[in-house]
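Listed below, chain by chain, are the residues.
Protein chains: 2
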Amino acid sequence: MAQINENYLKLPGSYLFSEIARRVNEFKVQNPDADIIRLGIGDVTRPLAPVVVEAMKQAVEEMGRAETFRGYGPEQGYDFLIEKIIANDYAPRGVQLGMDEVFVSDGAKSDTANFQEIFGVDNIMAVTDPVYPVYVDSNVMAGRTGNYDTEKGQYGRIIYLPCTEEGDMKPELPTAPVDMIYLCFPNNPTGMTLTKEELKVWVDYARENKAIILFDSAYEAFIREEGVPRSIYEVEGAREVAVEFRSFSKTAGFTGTRCAYTVVPKDIMIYDFKGEGHSLNKLWLRRQTTKFNGVSYPVQAGAAAVYTEEGKKQIQATIDYYMENARIIREGLQEAGFKVFGGVNAPYIWMKTPGTMGSWEFFDKLMTEAYVVGTPGAGFGANGEGFFRLTAFGTRENTEKAIERIKARMK
Amino acid sequence: MAQINENYLKLPGSYLFSEIARRVNEFKVQNPDADIIRLGIGDVTRPLAPVVVEAMKQAVEEMGRAETFRGYGPEQGYDFLIEKIIANDYAPRGVQLGMDEVFVSDGAKSDTANFQEIFGVDNIMAVTDPVYPVYVDSNVMAGRTGNYDTEKGQYGRIIYLPCTEEGDMKPELPTAPVDMIYLCFPNNPTGMTLTKEELKVWVDYARENKAIILFDSAYEAFIREEGVPRSIYEVEGAREVAVEFRSFSKTAGFTGTRCAYTVVPKDIMIYDFKGEGHSLNKLWLRRQTTKFNGVSYPVQAGAAAVYTEEGKKQIQATIDYYMENARIIREGLQEAGFKVFGGVNAPYIWMKTPGTMGSWEFFDKLMTEAYVVGTPGAGFGANGEGFFRLTAFGTRENTEKAIERIKARMK
Numbered sequence: 001m002a003q004i005n006e007n008y009l010k011l012p013g014s015y016l017f018s019e020i021a022r023r024v025n026e027f028k029v030q031n032p033d034a035d036i037i038r039l040g041i042g043d044v045t046r047p048l049a050p051v052v053v054e055a056m057k058q059a060v061e062e063m064g065r066a067e068t069f070r071g072y073g074p075e076q077g078y079d080f081l082i083e084k085i086i087a088n089d090y091a092p093r094g095v096q097l098g099m100d101e102v103f104v105s106d107g108a109k110s111d112t113a114n115f116q117e118i119f120g121v122d123n124i125m126a127v128t129d130p131v132y133p134v135y136v137d138s139n140v141m142a143g144r145t146g147n148y149d150t151e152k153g154q155y156g157r158i159i160y161l162p163c164t165e166e167g168d169m170k171p172e173l174p175t176a177p178v179d180m181i182y183l184c185f186p187n188n189p190t191g192m193t194l195t196k197e198e199l200k201v202w203v204d205y206a207r208e209n210k211a212i213i214l215f216d217s218a219y220e221a222f223i224r225e226e227g228v229p230r231s232i233y234e235v236e237g238a239r240e241v242a243v244e245f246r247s248f249s250k251t252a253g254f255t256g257t258r259c260a261y262t263v264v265p266k267d268i269m270i271y272d273f274k275g276e277g278h279s280l281n282k283l284w285l286r287r288q289t290t291k292f293n294g295v296s297y298p299v300q301a302g303a304a305a306v307y308t309e310e311g312k313k314q315i316q317a318t319i320d321y322y323m324e325n326a327r328i329i330r331e332g333l334q335e336a337g338f339k340v341f342g343g344v345n346a347p348y349i350w351m352k353t354p355g356t357m358g359s360w361e362f363f364d365k366l367m368t369e370a371y372v373v374g375t376p377g378a379g380f381g382a383n384g385e386g387f388f389r390l391t392a393f394g395t396r397e398n399t400e401k402a403i404e405r406i407k408a409r410m411k
Numbered sequence: 001m002a003q004i005n006e007n008y009l010k011l012p013g014s015y016l017f018s019e020i021a022r023r024v025n026e027f028k029v030q031n032p033d034a035d036i037i038r039l040g041i042g043d044v045t046r047p048l049a050p051v052v053v054e055a056m057k058q059a060v061e062e063m064g065r066a067e068t069f070r071g072y073g074p075e076q077g078y079d080f081l082i083e084k085i086i087a088n089d090y091a092p093r094g095v096q097l098g099m100d101e102v103f104v105s106d107g108a109k110s111d112t113a114n115f116q117e118i119f120g121v122d123n124i125m126a127v128t129d130p131v132y133p134v135y136v137d138s139n140v141m142a143g144r145t146g147n148y149d150t151e152k153g154q155y156g157r158i159i160y161l162p163c164t165e166e167g168d169m170k171p172e173l174p175t176a177p178v179d180m181i182y183l184c185f186p187n188n189p190t191g192m193t194l195t196k197e198e199l200k201v202w203v204d205y206a207r208e209n210k211a212i213i214l215f216d217s218a219y220e221a222f223i224r225e226e227g228v229p230r231s232i233y234e235v236e237g238a239r240e241v242a243v244e245f246r247s248f249s250k251t252a253g254f255t256g257t258r259c260a261y262t263v264v265p266k267d268i269m270i271y272d273f274k275g276e277g278h279s280l281n282k283l284w285l286r287r288q289t290t291k292f293n294g295v296s297y298p299v300q301a302g303a304a305a306v307y308t309e310e311g312k313k314q315i316q317a318t319i320d321y322y323m324e325n326a327r328i329i330r331e332g333l334q335e336a337g338f339k340v341f342g343g344v345n346a347p348y349i350w351m352k353t354p355g356t357m358g359s360w361e362f363f364d365k366l367m368t369e370a371y372v373v374g375t376p377g378a379g380f381g382a383n384g385e386g387f388f389r390l391t392a393f394g395t396r397e398n399t400e401k402a403i404e405r406i407k408a409r410m411k
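One line per chain: the protein sequences are A and B, in this order. If you use the numbering used here, the first sequence corresponds to residues 1 to 411, in order. If you use the numbering used here, the second sequence corresponds to residues 1 to 411, in order.
To be clear, the hints were calculated from the coordinates, so they are not data collected in a lab.
Anything over 12 Å on all C-beta distances counts as not near chain A; from chain B, calculated:
1. Asp-168
2. Lys-312
3. Ile-319
4. Met-323
Incomplete in silico selection of chain A near chain B, CB under 7 Å:
5. Met-63
6. Gly-64
7. Ala-113
8. Ser-138
9. Ala-211
10. Ile-212
11. Ile-270
12. Thr-290
No residue lacks a Cβ here, since even glycine has one placed at the ideal position from N, Cα and C.
Okay, chain A solo, but in the shape it has when bound:
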């Protein structure tokens, strides 16, 4: 008799965004004329850059001719893309990477979800709270988290690192030993960053404890301030302990086009029960060559075009567009009297709900009064309760309209 992976039964009912969709649909049925603005899900709205479109079209044409047709590519990505990633995203910041340390994939969601597979189930994982749910859910499915405590809204075996208003949304080092540490900066959902010095504390901790940091820097392109590292490898020693996840999704509007990459330096070791070290890079290569068949060639060609001179300008214009939205949201909310975090080096604005209002209560209020849909902070973890996330990925028009409505109706 086929038996279920019982760990799946530990996942609580519905996924955050499904519950939001359910509530929005219900509201729309009752209020068919309500002009709802969505500043909730982290999806982009600006089109692909012209150079990307051109490169993809050309690659598709190559696929249509026998002489230039490409079948299976390397599972870890084409050299033409990996070279550009290293030369543009890392070398200018003083980070040297080998060609076999970069793995191109179909998304940072897939990679951050799959990477845990090469760790034993007994590793203790730490996540910030609030947190992007994929890190947690993928580990639940793998059996690494223990059971869900409905009261606390937390899993028994996860070490949570609270990010609170008092701590300026920055996590403190765990007091109990941990083996895997998920960090995401600029952070989703709080929009906050760490300085190089603050990040070094984590790298040092990992080196001392032979822990591995799974560093999600999908939002690095939105960093505006000096002193905020774009890559964890800007921190000394990080090559020994940190995997870095990046994505073209938000940077270049690839949420529907799908391309990302993960850096796994060869210096990182992971240990067997005899204490012998094994190369994490080799293990990930084995995982990817066994279970993945590479990213679509036209998509990789499009991603490579992001790094042309023209491409960089076009991408930067889009990022500037979103960051202007972020400014509008952040300042608008502040004018309306809300306490806000993020939005300076990130496309996310993390706002405190008024008084003792819960996240979902505020969600309903914002939707029914201002016709604006955001994301309840509680969906990102127990410490997200009492907070709310808005994103800067909408159109300018909608962003301005949403903030005007919030100012007028939510004071």
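With chain A's structure known, arrange chain B on it following the hints.
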């Protein structure tokens, strides 16, 4: 201290195709002028059909305009593609499927590798021997297979179903109870098929034992003979016990473009330790929405174009081209005195090596004497020893040349 998933250490050294690449490269260094023909890896050579190219280019242009831009799509695929899959690949054969029973993905390799995740680690799995290595390796990584016995070339906890010359390469029902059964027909590597009656024996077995069949029909488009089911759902009762994996890779030349789909009927139940049934469809949906972010929109648009009238004709012409190659290989090898299987309803030809010659010995002989590279049967499992796989995916010119050389030099 970060600890490795010890199951990875059970995988024997190098992957089949890496070892082939190593030997070919070594030979090329010593014989730089040798005009090597590769009929080994199952990669296609014909370009994408013109309708696919056109549809993809149009979709890319849509992505470049704000009004038609698409961000995140549904993780399980766009309705426009799922509708066409159901209407063209299933309805004409009398198979009714719901829209939420089809999951579009980036490849059958990913899906056949990932699907085991929703089964508990104590399930007993059965695979044919020889077998496509991904089914086995993904289960090794998950800890479901026990240790590798180097002597036998098999894992301790897998139930192997030998496909032998005497049994006409068809597996027999397991004698010990099993929970997960991987079947692939038309088969890779043997190129053989099962009749509807033969497949029914497996469906009946699964229904009686509450086992689940993971049916890989990636090569169904190559079936030529009547009476050979293209889908396992043509067999009565299969909806209760069978998941079906399909791919555009070989059918439409998508090995480098990446699109596939998996059918998970809602009738299939998988059981928890209390014996309560859970919907396999819902579990796969949860897995995909948590760990995957859908297939690139232009790629899905290209896949949908395969189902236009023009597309079907263009795709069929390519399939006919490869099947003519298959005929040339099969008949040529027979004329040269080899015993061959497959090649009638599949793009794979499975040949017996002469006398008592081992697979790798024959690989070296074929490469050094005929300059033809194929795949040693031993790479597909213990029962593949003494066999050798050639594929029909080469160009006509190379296929003819390879067979002439084999006839002239290998008698």
